[in-house]
Amino acid sequence: DTAVSQTPKYLVTQMGNDKSIKCEQNLGHDTMYWYKQDSKKFLKIMFSYNNKELIINETVPNRFSPKSPDKAHLNLHINSLELGDSAVYFCASSYRRTLNTGELFFGEGSRLTVL
Amino acid sequence: GIQVEQSPPDLILQEGANSTLRCNFSDSVNNLQWFHQNPWGQLINLFYIPSGTKQNGRLSATTVATERYSLLYISSSQTTDSGVYFCAVEVGGGADGLTFGKGTHLIIQP
Chain G
1 DTAVSQTPKY
11 LVTQMGNDKS
21 IKCEQNLGHD
31 TMYWYKQDSK
41 KFLKIMFSYN
51 NKELIINETV
61 PNRFSPKSPD
71 KAHLNLHINS
81 LELGDSAVYF
91 CASSYRRTLN
101 TGELFFGEGS
111 RLTVL
Chain H
1 GIQVEQSPPD
11 LILQEGANST
21 LRCNFSDSVN
31 NLQWFHQNPW
41 GQLINLFYIP
51 SGTKQNGRLS
61 ATTVATERYS
71 LLYISSSQTT
81 DSGVYFCAVE
91 VGGGADGLTF
101 GKGTHLIIQP
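Residue numbers (the working numbering), protein chains in the order written: chain G, 1 to 115; chain H, 1 to 110.
Keep in mind the hints are simulated off the structure, nothing from the lab. Please read all numbers here as calculations on a predicted model, not as lab measurements. Treat the hints with caution; some may be incorrect.
As the list claims (entries may be wrong) - Some chain H residues well away from chain G (every beta-carbon gap over 10 Å; in silico):
| # | residue |
| --- | --- |
| 1 | Ser-7 |
| 2 | Pro-8 |
| 3 | Leu-11 |
| 4 | Ile-12 |
| 5 | Arg-58 |
| 6 | Thr-62 |
| 7 | Thr-80 |
Unchecked claim - To give an idea of the chain G side of the interface with chain H (calculated C-beta under 8 Å), a few residues:
| # | residue |
| --- | --- |
| 8 | Tyr-33 |
| 9 | Lys-41 |
| 10 | Leu-43 |
| 11 | Ser-48 |
| 12 | Ser-86 |
| 13 | Phe-90 |
Said to hold, decoys possible - Only pairs whose alpha carbons sit at most 27 Å apart, straight line, appear in this in silico BS3-like list of lysine-lysine:
| # | chain 1 | residue 1 | chain 2 | residue 2 |
| --- | --- | --- | --- | --- |
| 14 | G | Lys-52 | G | Lys-22 |
| 15 | G | Lys-71 | G | Lys-40 |
| 16 | H | Lys-54 | G | Lys-67 |
| 17 | G | Lys-36 | H | Lys-102 |
| 18 | G | Lys-36 | G | Lys-19 |
| 19 | G | Lys-71 | G | Lys-22 |
| 20 | H | Lys-54 | G | Lys-19 |
| 21 | H | Lys-102 | G | Lys-44 |
| 22 | G | Lys-36 | G | Lys-67 |
| 23 | G | Lys-44 | G | Lys-19 |
| 24 | G | Lys-9 | H | Lys-54 |
| 25 | G | Lys-67 | G | Lys-9 |
Quick reminder that beta carbons are idealized off the backbone N, C-alpha and C, glycines included.
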């Protein structure tokens, strides 16, 4: 059974389009995240939701909008895609400990290519 | 924010060799994790180790929190150990989540 699953694995789209990536976890975790990995493999947190509540919102363009319908799901919607949005987007989840993230588990990533 | 430096940036070894990867960080942390990103891009959680020593098979890790560094040891390397190893840390409070280092790119040659 896949613990953290994201779909689609690959997206190829034109500039200006809107796209969504879905994420689901079956680990019973209470916190979910979106990370972006750029072409140099640098990983940076974008958002974090704890029990459907936004708790981390790094400086990302407001074209990126996360949505968490329940604590097992966290989706990422991107409007008006730009070339610089091309990257691999990772969903992750954890059981949040007191004052820290806890152990983080990642999905397989969604590679977004904007043409 | 906290700075995370990993060394070496690149490492090429023959199968069977041992290696030590280092992670230095600039502030006190209450969370430190090691991840392996395999050549297919999957990120795998290796250790949750804010302090102390842990072992899992051929891999072990040690974090000396007071001196702000962690070490990942890989013994008897196999080609499947190839990939990028990331260290990630978090300062107290967890308001910013995990901050990742730039990784060590390890290639194990047969």
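Hints versus structure:
no., hint, verdict
1, Ser-7, "holds (16 Å)"
2, Pro-8, "holds (15 Å)"
3, Leu-11, "holds (15 Å)"
4, Ile-12, "holds (17 Å)"
5, Arg-58, "holds (21 Å)"
6, Thr-62, "holds (18 Å)"
7, Thr-80, "holds (17 Å)"
8, Tyr-33, "holds (7 Å)"
9, Lys-41, "holds (6 Å)"
10, Leu-43, "holds (4 Å)"
11, Ser-48, "holds (6 Å)"
12, Ser-86, "violated (15 Å)"
13, Phe-90, "holds (6 Å)"
14, Lys-52(G) to Lys-22(G), "holds (15 Å)"
15, Lys-71(G) to Lys-40(G), "violated (31 Å)"
16, Lys-54(H) to Lys-67(G), "violated (37 Å)"
17, Lys-36(G) to Lys-102(H), "holds (13 Å)"
18, Lys-36(G) to Lys-19(G), "holds (15 Å)"
19, Lys-71(G) to Lys-22(G), "holds (13 Å)"
20, Lys-54(H) to Lys-19(G), "violated (41 Å)"
21, Lys-102(H) to Lys-44(G), "holds (10 Å)"
22, Lys-36(G) to Lys-67(G), "holds (16 Å)"
23, Lys-44(G) to Lys-19(G), "holds (20 Å)"
24, Lys-9(G) to Lys-54(H), "violated (33 Å)"
25, Lys-67(G) to Lys-9(G), "holds (19 Å)"
In summary, the numbered hints that this structure violates are 12, 15, 16, 20, 24.
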